[in-house]
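Each chain is listed here by its residues.
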Amino acid sequence: MSEVTEPARSGKPQMKTTEATAEDLAEATAPTRFWNRHRRLGVALVAIGVLAAVVFGSVARSATARFTLGVQNTGLALPIDGKVGAIVFGLITALCGGALLAGVARRWQGTLLGVGIVAFVLSFLCWQVAGQYMSLVDIANNTLVIALPLILGALAGVLGERSGVVNVAIEGQFLMGAFAAALVGTMASSVWAGLVSAALGGLLIAALLAVLAIRFLVDQVVVGIVLNLLALGITGFLYERLMQPDAASYNEPPRMPTWQVPGLSDIPVIGPVLFNSNFLVWLALILVVVVHFGLTRTRWGLRTRAVGEHPTAADTVGIRVRGLRYANVLVGGLIAGFGGAYFTLIGAGSFTKNMTSGAGFIALAALIFGRWTPLGALGAALFFGFAQNLPYALSTYNSSVPSQFLNMLPYVATIIAVAGLVGRVRAPAADGQPYAKS
Amino acid sequence: MTTTTEEKAPEKGDSFAATFLRNLWSANTVTVTVLSIVLALVIGAILMIVSDEDVRATFGYLTARPSDAFTSSWNLISTAYADLFKGAILDPAAISAWADGSGGWQAAITPLSETLTYAAPLVFTGLSVALAFRGGLFNIGGQGQAVIGCITAAVAGFAFPLPFVLHAVVALVAGLIGGMAWGFLPGLLKARTGAHEVIITIMLNYIAGLFLTWLIIQKGVQNADRSDAISKPVDASAQLASIGGPVRVNLGIVLAVLVTAGVAWLLNRSVFGFELRAVGANPAAAKTAGISVAKTYTLLMVVAGGLAGLGGATQVLGTAHALTPAVAGNIGFDGLLVALLGRNRPWGTLGAAILFGALRAGGNRMQSFSGISLELVTVVQAVIVVFIAAPALVKTIFHLRAARSARLGASMAKGW
Numbered sequence: 006m007s008e009v010t011e012p013a014r015s016g017k018p019q020m021k022t023t024e025a026t027a028e029d030l031a032e033a034t035a036p037t038r039f040w041n042r043h044r045r046l047g048v049a050l051v052a053i054g055v056l057a058a059v060v061f062g063s064v065a066r067s068a069t070a071r072f073t074l075g076v077q078n079t080g081l082a083l084p085i086d087g088k089v090g091a092i093v094f095g096l097i098t099a100l101c102g103g104a105l106l107a108g109v110a111r112r113w114q115g116t117l118l119g120v121g122i123v124a125f126v127l128s129f130l131c132w133q134v135a136g137q138y139m140s141l142v143d144i145a146n147n148t149l150v151i152a153l154p155l156i157l158g159a160l161a162g163v164l165g166e167r168s169g170v171v172n173v174a175i176e177g178q179f180l181m182g183a184f185a186a187a188l189v190g191t192m193a194s195s196v197w198a199g200l201v202s203a204a205l206g207g208l209l210i211a212a213l214l215a216v217l218a219i220r221f222l223v224d225q226v227v228v229g230i231v232l233n234l235l236a237l238g239i240t241g242f243l244y245e246r247l248m249q250p251d252a253a254s255y256n257e258p259p260r261m262p263t264w265q266v267p268g269l270s271d272i273p274v275i276g277p278v279l280f281n282s283n284f285l286v287w288l289a290l291i292l293v294v295v296v297h298f299g300l301t302r303t304r305w306g307l308r309t310r311a312v313g314e315h316p317t318a319a320d321t322v323g324i325r326v327r328g329l330r331y332a333n334v335l336v337g338g339l340i341a342g343f344g345g346a347y348f349t350l351i352g353a354g355s356f357t358k359n360m361t362s363g364a365g366f367i368a369l370a371a372l373i374f375g376r377w378t379p380l381g382a383l384g385a386a387l388f389f390g391f392a393q394n395l396p397y398a399l400s401t402y403n404s405s406v407p408s409q410f411l412n413m414l415p416y417v418a419t420i421i422a423v424a425g426l427v428g429r430v431r432a433p434a435a436d437g438q439p440y441a442k443s
Numbered sequence: 511m512t513t514t515t516e517e518k519a520p521e522k523g524d525s526f527a528a529t530f531l532r533n534l535w536s537a538n539t540v541t542v543t544v545l546s547i548v549l550a551l552v553i554g555a556i557l558m559i560v561s562d563e564d565v566r567a568t569f570g571y572l573t574a575r576p577s578d579a580f581t582s583s584w585n586l587i588s589t590a591y592a593d594l595f596k597g598a599i600l601d602p603a604a605i606s607a608w609a610d611g612s613g614g615w616q617a618a619i620t621p622l623s624e625t626l627t628y629a630a631p632l633v634f635t636g637l638s639v640a641l642a643f644r645g646g647l648f649n650i651g652g653q654g655q656a657v658i659g660c661i662t663a664a665v666a667g668f669a670f671p672l673p674f675v676l677h678a679v680v681a682l683v684a685g686l687i688g689g690m691a692w693g694f695l696p697g698l699l700k701a702r703t704g705a706h707e708v709i710i711t712i713m714l715n716y717i718a719g720l721f722l723t724w725l726i727i728q729k730g731v732q733n734a735d736r737s738d739a740i741s742k743p744v745d746a747s748a749q750l751a752s753i754g755g756p757v758r759v760n761l762g763i764v765l766a767v768l769v770t771a772g773v774a775w776l777l778n779r780s781v782f783g784f785e786l787r788a789v790g791a792n793p794a795a796a797k798t799a800g801i802s803v804a805k806t807y808t809l810l811m812v813v814a815g816g817l818a819g820l821g822g823a824t825q826v827l828g829t830a831h832a833l834t835p836a837v838a839g840n841i842g843f844d845g846l847l848v849a850l851l852g853r854n855r856p857w858g859t860l861g862a863a864i865l866f867g868a869l870r871a872g873g874n875r876m877q878s879f880s881g882i883s884l885e886l887v888t889v890v891q892a893v894i895v896v897f898i899a900a901p902a903l904v905k906t907i908f909h910l911r912a913a914r915s916a917r918l919g920a921s922m923a924k925g926w
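Chains as they are written, first to last, in our numbering: chain A, 6 to 443; chain B, 511 to 926.
Rather than coming from a laboratory, the hints here were simulated on the basis of the structure.
Please note: incorrect hints may appear among the correct ones.
Which bits of chain B does chain A cover? Going by a derived footprint, with three or more residues having C-beta under 8 Å, they are [claimed, not checked]: (1) 554-565; (2) 699-705; (3) 716-722; (4) 845-855; (5) 893-907.
Pulled from the structure, derived: some chain B residues nowhere near chain A, Cβ distances all over 10 Å [claimed, not checked]: (6) Phe580; (7) Phe694; (8) Ile710; (9) Arg736; (10) Arg758; (11) Asn792; (12) Thr798; (13) Ser802; (14) Gly839.
Ideal placement from N, C-alpha and C gives every residue a C-beta, glycine not left out.
Generate the whole structure from the sequences, applying the supplied hints.
See below:
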């Protein structure tokens, strides 16, 4: 994940030079210490690698684990002995840790860390799947489906927060979007009308956030939390008054159709996942790319980052700080609204009270874990989607790991990331600070 | 809510009445609070009208017979809000029944009892958020700390056989310690690594919730007679004493008032309170003055977590009596609203918690008698706090004069 964030980070050296914060000084002095961040990470990787090799290796059954490329247990597959796999991948993790500990060139450190973590996950999977099969297509598909709203929500957060407006109201935007999609989608019996109104639902909450935070200078985290409760209350109230008594006319939206791209959908694994999919998946992936290039390569992106890092300086050179913030938060609302449409038009198929159940906060975590960059957020969302899907995927193997602990993974990972144990996470400097022209 | 004596101080040569009238329509805390509540109730009324099929039908021929639309809207709103009042404060029917001997005294005081029952945990979580705010920290983790407090209090309540009184004290202390532990982590991380407490506490909320759902289906915790996710009941000796029967109010509210007094003393009279207010006002200056900011942050989060943990403990020992996945309800997030409404002052928070308790208790009656969903209360609560948090908005809507005290609209958290 860390290497995909490089382009975005290298895109803002001009901002970094303008402000020498205490954190920058801390990093500047870091190489002089022997136990720098990568050495500590290396120790951690060696520890979990040895743990995986010994613990997973000893409890794993010595039977073939088949990772199939199709949905069934037939056809192409990657077979590996469960015990051997658990030990080998555990050792790979430990080796990556050892390399970090020994000290390698800076540009390899991110790759080594990534390989180490992936190998640890594979070691775990070999232990769990030994003697049975796991469909890689299913895993990839479900991961992407669960990650879809997270990607869109995190992207909405990126837009707001890079320009300096904290968006804790992603959850509320999801709920409003999901509700509007179900209501309008049913009444117009059109999935596209539902999708558009979902975006408008998200926009509504975003507009409240923008006005209160930018115009009335209310604390942005407070507004976000309160707007979440407001969205929860309004959608819950209207659900009980309108949708519950008469579901047929208010709460049976059409499902979003699945489209197949001929030719491309025959590629193994990637084909069925990406090219036998729905409009929202493509929209999300396109938006990630668009926002990434927008932020790093366009005038709008430079201005957004300037406003998010140092609004006074941006104002001095003639950038309209508040206008840009309004625009970004509102566009973010549209995107988060699309994310909300997922819940009713693709996921559950109808609206229920509090149906997002904290997905907005996982999106927030993905945004932070992805270091406030679109590609990082995509990676984090996919990782969290994988972690959330794992309990379902493992439930067929009588797994001994409780699903609740696997579900904790996104939150624990975010705490570790924010506490600076894995990579340095730094928010835009002016994130959350209202700008009042003096 | 909070008295604002400094705003009402009369000027030389002015009669009291003139000063009072001038200040009445200015943006002081009392006026803004009252207007916020009124606005929220108006928005609630609009939602009720919009969502009611029959009333909407009368608006279809509004130009032909406008009286229909207005009477039906009025009837809908007045019955709903009358039920809200009857459920929260007093029910005239029950009072007259008690007076002429056909009903018991329990029915007459049930509404107030319900209000105080719902208010008690909110006082604790509200104080937790308010205290952290004063020290410059935003404790969104009240929910998680309350959940952990629920868990430790309940486990202490059914795991060890202890005599009456002592058992309840032990269970409450267990809740306190559980919450403290859950507050310690974000405090420590904030102090040591600068990790923003908002992010950490949001994540810890979910971890606590997932831990609870895992714990209550484990052997030794789950109620052996039940197949659903519910723990063993808390021993009678550990439950907070209540009046009994339909009157559910228990010692929790008494404890809440005592703790409010304690927090008020801690904040305004103790050394730690001084230090935390100094750190909250300006960490750099506090550091220069010799106050350890890191130590204050950690200790503050421990105390805030402990308060929220006590809130969870009163919930489980006072009313719930067993752990369920939703045992802590929404008391952590409601505590956030309560603290904002109470302007982060201890006694203000107590008043705000009682108002929220009243809305909740009245909402129950409104739901069962008028068929208005309890969610309306959530909307009203959220809207009140939106206006409280944005006093400039209320000022614009009502063309209020600027208040002389610039207490309103102070920003508290500073982004990530």
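Verification of the hints:
Counting residues of the stretch 554-565 of chain B whose CB lies closer than 8 Å to any CB of chain A gives 3, which reaches the minimum of 3, so the coverage claim holds. Counting residues of the stretch 699-705 of chain B whose beta carbon lies closer than 8 Å to any beta carbon of chain A gives 4, which reaches the threshold of three, so the coverage claim holds. Remark: the stretch 716-722 of chain B is confirmed as covered by chain A, as 4 of its residues place a Cβ nearer than 8 Å to a Cβ of that chain, reaching the required three. Remark: the stretch 845-855 of chain B is confirmed as covered by chain A, as 3 of its residues place a Cβ nearer than 8 Å to a Cβ of that chain, reaching the required three.
Under a criterion of three residues with beta carbons nearer than 8 Å to beta carbons of chain A, the stated coverage of the stretch 893-907 of chain B is upheld, 7 such residues being counted. Every beta carbon of chain A lies more than 10 Å from that of Phe580 (chain B), the smallest distance being close to 21 Å; the non-interface claim holds. Annotated as non-interface, Phe694 (chain B) keeps its C-beta farther than 10 Å from every C-beta of chain A; the closest such distance is 14 Å. Residue-level check failed: Ile710 (chain B) sits 6 Å from the nearest beta carbon of chain A, not beyond 10 Å.
The claim that Arg736 (chain B) is not at the interface with chain A holds, since no C-beta of that chain comes within 10 Å of its own (minimum 19 Å). Interface exclusion of Arg758 (chain B) from chain A stands, the closest Cβ pair being 25 Å apart, more than 10 Å. Listed as a non-interface residue, Asn792 (chain B) keeps its Cβ farther than 10 Å from every Cβ of chain A; the least gap is roughly 16 Å. The claim that Thr798 (chain B) is not at the interface with chain A holds, since no C-beta of that chain comes within 10 Å of its own (minimum 15 Å).
Non-interface call for Ser802 (chain B) relative to chain A: holds, since the shortest CB-CB distance, roughly 17 Å, exceeds 10 Å. The beta carbon of Gly839 (chain B) sits about 13 Å from the closest Cβ of chain A, which is more than 10 Å, so the claim that it is off the interface holds.
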